[in-house]
Amino acid sequence: MEKKLPNNGPEDKKPTAPQQKPAAKKPAPKRPKLPDVKDDPFPMDSWLIYLVSIIGAFIFGVAAYKEFNPEYKKYQVEFKRLIEMKFGTEAAEKVPMGVQQIWVKDLNRVDRCITCHMGYEWRGLEGEDVPEVFRTHPDLDGLIAKHPFKDYGCTTCHGGQGYATNMKEAHVIQKGKKVRWLEPLLGKEKAKEYKFADWQKMPLMEINCNTCHRHEDSLPGTPYINLAKKLWNEKGCIGCHKLFGEGGDIGPDLTYEGSKSHESFDIHAPYYVIKNGKPVPSGRTIAQEMKRRGLPLSVFSWHLLHFEEPRSITPTSAMPNFGLNEKEKRALAMLMMSWKRVNLPAKYIPKMEGRGAAAPKVDTAAADTTAETADTAVADTTAKMEETPKVSYDPELAKRGEELFDRKGCTACHDLDSRKVGPPLRDVAARRDHEWLKHMIMKPDSMILNDPIAQELLQEFSVPMTNQNVSEEEAKAIIEFLKKAATEK
Amino acid sequence: MSEIKKKRREVLKNIGRLVGYGVLGGVFAGFARSLWPNVLYEPPKRFRIGKPEDLADGVNFFSEHRLYVFKRNNEIWSISAVCTHLGCTVNYVALPEPKVMKVAGKEIKEEWEFHCPCHGSKYVADGTPYAGPAPRPLPHYYMEIDPATGMLVVDTSKEVPQDWRFKLA
Ligand code: FES
Chain F
2 MEKKLPNNGP EDKKPTAPQQ KPAAKKPAPK RPKLPDVKDD PFPMDSWLIY
52 LVSIIGAFIF GVAAYKEFNP EYKKYQVEFK RLIEMKFGTE AAEKVPMGVQ
102 QIWVKDLNRV DRCITCHMGY EWRGLEGEDV PEVFRTHPDL DGLIAKHPFK
152 DYGCTTCHGG QGYATNMKEA HVIQKGKKVR WLEPLLGKEK AKEYKFADWQ
202 KMPLMEINCN TCHRHEDSLP GTPYINLAKK LWNEKGCIGC HKLFGEGGDI
252 GPDLTYEGSK SHESFDIHAP YYVIKNGKPV PSGRTIAQEM KRRGLPLSVF
302 SWHLLHFEEP RSITPTSAMP NFGLNEKEKR ALAMLMMSWK RVNLPAKYIP
352 KMEGRGAAAP KVDTAAADTT AETADTAVAD TTAKMEETPK VSYDPELAKR
402 GEELFDRKGC TACHDLDSRK VGPPLRDVAA RRDHEWLKHM IMKPDSMILN
452 DPIAQELLQE FSVPMTNQNV SEEEAKAIIE FLKKAATEK
Chain E
814 MSEIKKKRRE VLKNIGRLVG YGVLGGVFAG FARSLWPNVL YEPPKRFRIG
864 KPEDLADGVN FFSEHRLYVF KRNNEIWSIS AVCTHLGCTV NYVALPEPKV
914 MKVAGKEIKE EWEFHCPCHG SKYVADGTPY AGPAPRPLPH YYMEIDPATG
964 MLVVDTSKEV PQDWRFKLA
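Chains as they are written, first to last, in our numbering: chain F, 2 to 490; chain E, 814 to 982.
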């Protein structure tokens, strides 16, 4: 080493250090004569120090430059110029600068998309001549009136990383790189990646619509999801799959299929092809099959392959091949992805129109009961009850139920005939079916999260029913008691 | 050592010092800057309250923002409804007949007042307290038209004098 660094100062002992050990036995090697430092105005270490400080200063300069010239600044300057051109200097002066954000506390969203997409609510920037990034959000008076920016932010519907303030991170652009963001931007690029013919309409966004609107049979503007829901009913999926505790046991519970992490899909397992009606290994893994078809390696692609032929993924699967076409596969895969576990504050739970409206005309007597129970949504069942008022019950069990009704504290919130914290329960047994009552008594907490009727009731009474640890058999007794109550008026 | 070498050394030393102090200063500047965040997780200080022509003549209350907005003869102004004592929402109280009050040396003829329900602070129409524990007047806020939507924007980060008015064209 000494040979390489003839300029070493006398303090620079490091290069000689490794030789110290053998030196213990042998006589210390003679040091080569070093040039006198005093004569060398620029010894090696000072050069190093200069070099490091210059590099440091350079890095510092770059950091400072980046801090003062973030990517979004360029957009903001350009937007200001656009506004000046279109609406004059005065309007342009009011264009805010710096990081802009929509903070939605209830949904825990911080969306800084509007830092660049500054024209999102600026009327008059709808035209094609305006660059897409600045264009007004479409349908401000329809869709956005129902989902105001300040209550929903951007990423609730669009996906993407709301916190990010540069395009690459905000849009989560993959382009060959292995990045697995849980919430990619469901825009045109994503749709193109999955080769949607109608990518221009950003069909993948329907996934996010349905995360909240999952209980509606159909929703305008979501053709794929509507198709999938139709298929779900037609093909009788519920026969094998459970949703919210209802349905068959043969297939997996799909209630929160969309929340399954990607780790639970093994895309490196073998991919099978069906030969003579039997699955045989294709020699490729699922991931390789995805690549072969030009699909991104993702859960969505997994669903696409699985809907095409369930046994090509799980050779022992009992799920039949439904002969779905391309559109139907996509629709169902989107439906699966949309079934996420979300905790929606009450005001975000969609009001299910059509429920009450579809109710048949009720005669005044029935209408009265409806008004009393303050539950218009069930007017139809009430009407039916008027025709068949006979509810049979087991008197023994009902007696036990009455005791339980007291002991479990139901009376704290419910009275038979008048509204307390919760609704009156006199004819609840006639209004709701046995299963619904059982679920509501045993696990009201999960009903509130999942059941549309329970959600409507929560909106009305605003106090959620608590879980009182009622066993199934106790619930039965309480229901018997309620049935008895329904017969005595 | 030759003079020229000495000089060169001095120059380089100075450059080194400059760079060192520059970087140090930058680090401190960065640290100081971090005390003023770009954005916060809090309700926005600027918010829209609707089209000016949609405001009712007289008093308007925005419970979400705890703000009174008054409109009179094409003039609009806003007063915070947050009591300066302990932050209760003050009530707008219309007086049965206008009265003349002497507050802080000025004579004011007023038709309404603000009364705090919590500890009895009372404010005259322009927000000046005249009774109770409230230490400061209710602030008035700056308003302007948002060019994006044509709506009136209140900016609670900018306080304005009590006689400030937004004039409708
Ligand atoms: S909070 Fe208003 S008087 Fe105390």
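Hint data in this document are derived by calculation from the structure and do not stem from the laboratory.
Cβ coordinates follow ideal geometry from the N, Cα and C atoms, glycine included.
Don't take every hint at face value.
Claimed, not checked - Beta-carbon label-pair distances, calculated as ranges:
1) A982/E with G125/F: 14 to 22 Å
2) D267/F with V840/E: 42 to 50 Å
3) E404/F with A944/E: 45 to 53 Å
4) V111/F with L837/E: 56 to 64 Å
5) E184/F with K858/E: 23 to 31 Å
We went through each hint and held it up to the structure:
no. : hint                           : verdict
1   : A982/E with G125/F: 14 to 22 Å : 19 Å, holds
2   : D267/F with V840/E: 42 to 50 Å : 48 Å, holds
3   : E404/F with A944/E: 45 to 53 Å : 59 Å, violated
4   : V111/F with L837/E: 56 to 64 Å : 34 Å, violated
5   : E184/F with K858/E: 23 to 31 Å : 28 Å, holds
The structure is inconsistent with the numbered hints 3, 4, although it conforms to all the rest.
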